[in-house]
Amino acid sequence: MTQSLNPLKTFFRQPAIYVRLPSDGQYWPEGSLEIPPNRELPVLPMTAMDEITYRTPDALFNGAAIVSVIQSCMPNIKNAWHIPNCDLNAVLTAIRIASYSKAMPISSTCPACEAENEFDVDLQAVLSQLNLGDYAKTVKQGDLEIYFQPMNYQNQTDINLLQFEQQRVLGTISEIEMAEEEKTQRINQAVKAITEITIKAIKNTIKSIRTPQAIVTEPEFIHEFLLNCDRNLYAQIRDHAIELRVNDDFKPIDIQCPDCNHAYRQQFTLDTANFFDNAS
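So that you can map any letter, position 272 of the sequence shown is 272 in the working numbering, and since no number is skipped, the others follow by simple counting.
Treat the hints with care, as some may be off.
Stated by the list, open to error - Derived lysine-lysine pairs resembling DSSO-like cross-links, with alpha carbons at most 27 Å apart: (1) Lys207 - Lys137; (2) Lys200 - Lys137; (3) Lys78 - Lys9; (4) Lys102 - Lys78; (5) Lys207 - Lys251; (6) Lys78 - Lys183; (7) Lys183 - Lys207; (8) Lys140 - Lys200; (9) Lys183 - Lys140; (10) Lys207 - Lys102.
Unchecked claim - Cβ pair distances, simulated, as ranges: (11) Asp230 - Thr56: 43 to 51 Å; (12) Glu30 - Arg168: 36 to 44 Å; (13) Lys207 - Glu165: 24 to 32 Å.
In case anyone wonders, no lab produced these hints; they're calculated from the structure. Please read all numbers here as calculations on a predicted model, not as lab measurements. Ideal Cβ positions, reconstructed from N, Cα and C, are used throughout, including at glycine.
Start from the sequences and build out the full structure, keeping to the hints where you can.
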């Protein structure tokens, strides 16, 4: 008789750590996240299949691999495409800690003596320093008030793919023989497309715009507004969106060079393409 319950089930992977999201569940669409009563999400180690999925180039490039791994390792996340950017770093860092260890090796070049050394970054400390930007802060000009939100992973992936395509076009133009006038025209078209992508990215960070008559939330109306508002207001909106993104990001890490004892700070960045590659 076939057993209905796998006797090996008690040996399946168990949560290795628990993590509280910087957003604490804000900015997630309904149904995309289940938050336990204690607000801490369980994080399971990656499986062998997760590692294979993560190292599939096409799936990694279009974001599908990251979504698959996140939903496998954090079952409380029902739709990882909806992860706000303010939570993405925390989620991936927690998965790496659960799957390998809290130590992550990085290379760093001392700005004083130019010695290159290897260091272990304490990801638990990095995780504890991740905070939510002040999204309650608005940009005001006259009768307008602009409210902000984090971009989600789906939006960010779409933007990254568009930027990659335009950068590829620019690279191709320099390699193809063509009349100078045509080359200039194509370069201008690519630069214009990149500018439009930037505007689209800023649009995705705007939650709403309040006017004396209405609160505008329609993305197409906000996009049209960004194309037609004066340059000073646009720059103010852009700079505020960038500031919020920086506040959500990893903080620089403190390093002391073992060769010359020079103390300095280095930016710690997350490249989703190789975040798990140098795990021990």
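So, going through the hints one by one against the coordinates:
no.: 1; hint: Lys207 - Lys137; verdict: holds (12 Å)
no.: 2; hint: Lys200 - Lys137; verdict: holds (21 Å)
no.: 3; hint: Lys78 - Lys9; verdict: holds (22 Å)
no.: 4; hint: Lys102 - Lys78; verdict: holds (25 Å)
no.: 5; hint: Lys207 - Lys251; verdict: holds (26 Å)
no.: 6; hint: Lys78 - Lys183; verdict: violated (47 Å)
no.: 7; hint: Lys183 - Lys207; verdict: violated (39 Å)
no.: 8; hint: Lys140 - Lys200; verdict: holds (20 Å)
no.: 9; hint: Lys183 - Lys140; verdict: violated (41 Å)
no.: 10; hint: Lys207 - Lys102; verdict: violated (35 Å)
no.: 11; hint: Asp230 - Thr56: 43 to 51 Å; verdict: holds (46 Å)
no.: 12; hint: Glu30 - Arg168: 36 to 44 Å; verdict: holds (37 Å)
no.: 13; hint: Lys207 - Glu165: 24 to 32 Å; verdict: holds (28 Å)
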